[in-house]
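> Each chain, letter by letter, is given below.
2 protein chains.
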Amino acid sequence: MAFDFGTLLGNVDRLSTSDHQSVVSINLFVALICACIVIGHLLEENRWMNESITALVIGSCTGIVILLISGGKNSHILVFSEDLFFIYLLPPIIFNAGFQVKKKSFFRNFSTIMLFGALGTLISFIIISLGAIGIFKKMNIGSLEIGDYLAIGAIFSATDSVCTLQVLNQDETPLLYSLVFGEGVVNDATSVVLFNAIQNFDLSHIDTGKAMELVGNFLYLFASSTALGVAAGLLSAYIIKKLYFGRHSTDREVAIMILMAYLSYMLAELFYLSAILTVFFSGIVMSHYTWHNVTESSRVTTKHTFATLSFIAEIFIFLYVGMDALDIEKWKFVSDSPGISVQVSSILLGLVLVGRAAFVFPLSFLSNLTKKTPEAKISFNQQVTIWWAGLMRGAVSMALAYNQFTRGGHTQLRANAIMITSTITVVLFSTVVFGLMTKPLIRILLPSHKHLSRMISSEPTTPKSFIVPLLDSTQDSEADLERHVPRPHSLRMLLSTPSHTVHYYWRKFDNAFMRPVFGGRGFVPFAPGSPTDPVGGNLQ
Amino acid sequence: MAFDFGTLLGNVDRLSTSDHQSVVSINLFVALICACIVIGHLLEENRWMNESITALVIGSCTGIVILLISGGKNSHILVFSEDLFFIYLLPPIIFNAGFQVKKKSFFRNFSTIMLFGALGTLISFIIISLGAIGIFKKMNIGSLEIGDYLAIGAIFSATDSVCTLQVLNQDETPLLYSLVFGEGVVNDATSVVLFNAIQNFDLSHIDTGKAMELVGNFLYLFASSTALGVAAGLLSAYIIKKLYFGRHSTDREVAIMILMAYLSYMLAELFYLSAILTVFFSGIVMSHYTWHNVTESSRVTTKHTFATLSFIAEIFIFLYVGMDALDIEKWKFVSDSPGISVQVSSILLGLVLVGRAAFVFPLSFLSNLTKKTPEAKISFNQQVTIWWAGLMRGAVSMALAYNQFTRGGHTQLRANAIMITSTITVVLFSTVVFGLMTKPLIRILLPSHKHLSRMISSEPTTPKSFIVPLLDSTQDSEADLERHVPRPHSLRMLLSTPSHTVHYYWRKFDNAFMRPVFGGRGFVPFAPGSPTDPVGGNLQ
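Sequences listed follow chains Z and A, in order. If you number the first sequence the way the numbering used here does, the last residue is 540 and the count never jumps. If you number the second sequence the way the numbering used here does, the last residue is 540 and the count never jumps.
Same shape as in the complex, but just chain Z (with noise of 0.2 angstroms):
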């Protein structure tokens, strides 16, 4: 946190001015914040807009305030760090996603999810470096190593998860929120996996071996961040039932919650795992052992803080970068030539959009071909919708733009004040506008979910067969599936629908062994004489 406050007291003189300056910063932020929250209460039946757009809106009219009140020195009263978004802001998003993500739907995708992720942002990320070292070079912009043009790659690949949770609603269209959202957290992954990689690896020359250790380096880190999760998860499920801590105090449950999934993430960065995969996993065992085995109070209050935490990292981001947006250094560098930087923003933006629809038809024809049953393939107009809620780039593209583009969010060359202003272009034009049209976008193009959701809402008793496809992947009861899924009895079986078949092994591995250690929904904490949990008990 304030782990470095330390090293700044030397100037201090006395205790109440102790740091004032950044007192009137928490100030104006906690300030911004709350109005950003009652103006987006205000604004929740408004069609067009959403949470983000309005934080970035009020960011950037602060900044303006800022600026007029500095006489144009200054919009902005914190400089962009790095180390606040990954370390204080990222954690709490990423975690709650896990947590509050409906697992059936998550990993029945999951084939479809990692072939976008992963194998989506390598091509994404292969066409803008290309694009870029095709066109940037033949423009005035100033020395690019090749390094740079790979960054810019993998920088714009790097879709917005956060925002894409704020355009899609998990409730009316499950199978593109799952597809979208999945395919962003593997996303992130990739492209921070990617950049470090570009960041280490001596570019100069390329081979096979390089390649295969590029991809084997991916692996391992998918595997190693996904299992570190998943065992932090599993952890505090185990200390939580064993030890039994709702016989005394429900804060203690809660704060163990809190702080492993916080230490899962640390853990990850201290080991240069990717922190996002893991904090993710640990979100989705937490949700399906340790929630279950905590007080009913702990479990409201869980369920609650954790999205709340979130929901204020989310509009902290938007407003920061809001207001970093207007900052006057970075665009004085390129105030001579107005021209360029349009340019270059708008040729990022095409090579975005380029760069995305290259993967998502391709990879979803690809999905389809292992799918058999017409409502398990993406249709045609749900292929534009992931397509274009995937097309905004957000705060990793601008931490990762800012790491390697300038030091200490300042820098002297030209060519990288372009590719920072652009990038800031690129963040603010593709979550305004194409996040303002997203919402009618999905009213066009899917136009049955709004009406179904309502339907299934005002009349519990509409016809099962038509809601079927698409309740299937929103229900989250392992009761009904337990019904719906049948044993699978034979080999044709699990080649026909593999996904239902290892669901089924899973939950008989879930049940045989799992839960008897690590709790779950249904387990009841033994304790003498402690008070049986109503909720739990319910549903045993």
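Take the hints with a grain of salt, since some may be wrong.
[As the list claims (entries may be wrong)] Listed next, the in silico BS3-like pairs over lysine-lysine satisfying Cα-Cα at most 30 angstroms (straight line):
hint: 1; chain 1: Z; residue 1: K242; chain 2: A; residue 2: K303
hint: 2; chain 1: Z; residue 1: K377; chain 2: Z; residue 2: K103
hint: 3; chain 1: A; residue 1: K137; chain 2: Z; residue 2: K103
hint: 4; chain 1: Z; residue 1: K303; chain 2: A; residue 2: K103
hint: 5; chain 1: A; residue 1: K508; chain 2: Z; residue 2: K102
hint: 6; chain 1: A; residue 1: K137; chain 2: A; residue 2: K242
hint: 7; chain 1: A; residue 1: K102; chain 2: Z; residue 2: K303
hint: 8; chain 1: Z; residue 1: K242; chain 2: A; residue 2: K439
[Claimed, not checked] Stretches of chain Z that chain A covers, calculated by requiring three or more beta carbons in the stretch to come under 8 angstroms of a beta carbon on chain A:
hint: 9; stretch: 36 to 44
hint: 10; stretch: 264 to 273
hint: 11; stretch: 308 to 321
[Stated by the list, open to error] A short list of chain Z residues far from chain A (calculated; beta carbon distances all over 12 angstroms):
hint: 12; residue: V23
hint: 13; residue: F29
hint: 14; residue: I33
hint: 15; residue: S70
hint: 16; residue: I87
hint: 17; residue: Y88
hint: 18; residue: G142
hint: 19; residue: T208
hint: 20; residue: F222
hint: 21; residue: F245
hint: 22; residue: A261
hint: 23; residue: E375
hint: 24; residue: T425
Think of the hints as simulated: they come from the structure by calculation, not from any bench. Note that this is a predicted model, so its numbers are computed, not measured. A virtual CB, placed ideally from N, CA and C, is assigned to each residue, including glycine.
Given the coordinates of chain Z, work out where chain A should sit on it, guided by the hints.
Structure of chain A alone, referenced to chain Z:
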């Protein structure tokens, strides 16, 4: 939070290694906090230990391990930082204390609390300062100015309200809890005000005008800090009631409550008020109005979230103090004369004991004079407990001592180093030794409480007459109150039972004006077609 990380990014090269040292620190701290929680849970039934002492011991052991690993060079991984303490750790603890305090008991004892907290702290400050001047001047400890002696008075007058919360139990000893804890909050404010006053005023010539100015300054700070806290609480209640956030999202309600509470603290810091008082009163107002305006799940969430955050912050502070205590750098200045350090620490401990005795017993006598019934009076055994329970010195003392005697956590002057090591010794000794002895002492001095509370919980039919004097100040139910408090008929009644009468008129005012505007218990938000809140409905 990490608003200053940006300035540290200059020496960062790769994304994953960015500030790797702080990643290591965070991992270690989070893991240690988890360990403290688990050990604290296992020691719950123990009659001596509490979580603070566990954390102090674990912190010291970790310090020893780090000292051995680093070859005797270093024992801590972070420098003690006032900002970390005052900006991030203290607000959740004090807010939660205000939020969970039994309001009726607190306000009924308000005059006694103010007497102890303000006048008592001043008496203690004068005695410790005069004692330090008288004794230390004769000892060979280096040059200390008059301002340093007065600072010593302020530093060692600050009781540790965090530790008090852990050794006293609100349900077992409600009167003592509200007196000692309420005093602790006012005391914190008084010490910080005194400390700031000492640093700002020209101490070479003190006259009556200066003294009056100091008193005026204190009264202004107290009034304005309280007003700000009340205003922030009422604003949050009004916004949530008016806009009815629960209609769309529980998370917005929780977020607004957390952010408004934190904003009140930071605003007080911004205007150089006593942020501790502000956030304490904001907690009281929020639990009286705002908390009743939100949905049922928000109520459960906020209650446990505030408690959990406070719990984590407390453990963190003690861990931190324990680890910092072994900092080799501070001890090397006094290593040539260990006798002097022991002498100074013993003298300070003695002054703390005398300084507290000098106000607890006389002021209790004064307070008893105004009470008519023997139950309302503070018995001698209770006075001893109050004296004892407020002897612990904690992180506030540490923070003030670092502020006065170091620059950025380091010092080169021998006298200053001695004061720092003595402060650490006093804090460790008072927390561990006095802390360990508080639970048994309460059991000896006030034997009926433990027994009684067990009787109440197991036998709800215990004769009323026996438990009424104790239950009277625990029960916080308004319905109960309306029955028990008679309508005051005359001025004589106001004079004989002032607190009851004030409370009666406050309830009338609250019901007639405040609740219709700000909500509160029994309020059901109006929204067309909204689901009626079950708890709000039941209580109406």
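> Hint by hint, note whether the structure agrees.
Results for each hint:
{"no.": "1", "hint": "Z:K242 <-> A:K303", "verdict": "holds (26 angstroms)"}
{"no.": "2", "hint": "Z:K377 <-> Z:K103", "verdict": "holds (19 angstroms)"}
{"no.": "3", "hint": "A:K137 <-> Z:K103", "verdict": "violated (71 angstroms)"}
{"no.": "4", "hint": "Z:K303 <-> A:K103", "verdict": "holds (29 angstroms)"}
{"no.": "5", "hint": "A:K508 <-> Z:K102", "verdict": "violated (50 angstroms)"}
{"no.": "6", "hint": "A:K137 <-> A:K242", "verdict": "violated (62 angstroms)"}
{"no.": "7", "hint": "A:K102 <-> Z:K303", "verdict": "holds (27 angstroms)"}
{"no.": "8", "hint": "Z:K242 <-> A:K439", "verdict": "holds (28 angstroms)"}
{"no.": "9", "hint": "36 to 44", "verdict": "holds (count 6)"}
{"no.": "10", "hint": "264 to 273", "verdict": "holds (count 5)"}
{"no.": "11", "hint": "308 to 321", "verdict": "holds (count 3)"}
{"no.": "12", "hint": "V23", "verdict": "violated (5 angstroms)"}
{"no.": "13", "hint": "F29", "verdict": "violated (9 angstroms)"}
{"no.": "14", "hint": "I33", "verdict": "violated (6 angstroms)"}
{"no.": "15", "hint": "S70", "verdict": "holds (17 angstroms)"}
{"no.": "16", "hint": "I87", "verdict": "violated (7 angstroms)"}
{"no.": "17", "hint": "Y88", "verdict": "violated (6 angstroms)"}
{"no.": "18", "hint": "G142", "verdict": "holds (22 angstroms)"}
{"no.": "19", "hint": "T208", "verdict": "holds (25 angstroms)"}
{"no.": "20", "hint": "F222", "verdict": "holds (16 angstroms)"}
{"no.": "21", "hint": "F245", "verdict": "violated (6 angstroms)"}
{"no.": "22", "hint": "A261", "verdict": "violated (10 angstroms)"}
{"no.": "23", "hint": "E375", "verdict": "holds (32 angstroms)"}
{"no.": "24", "hint": "T425", "verdict": "holds (22 angstroms)"}
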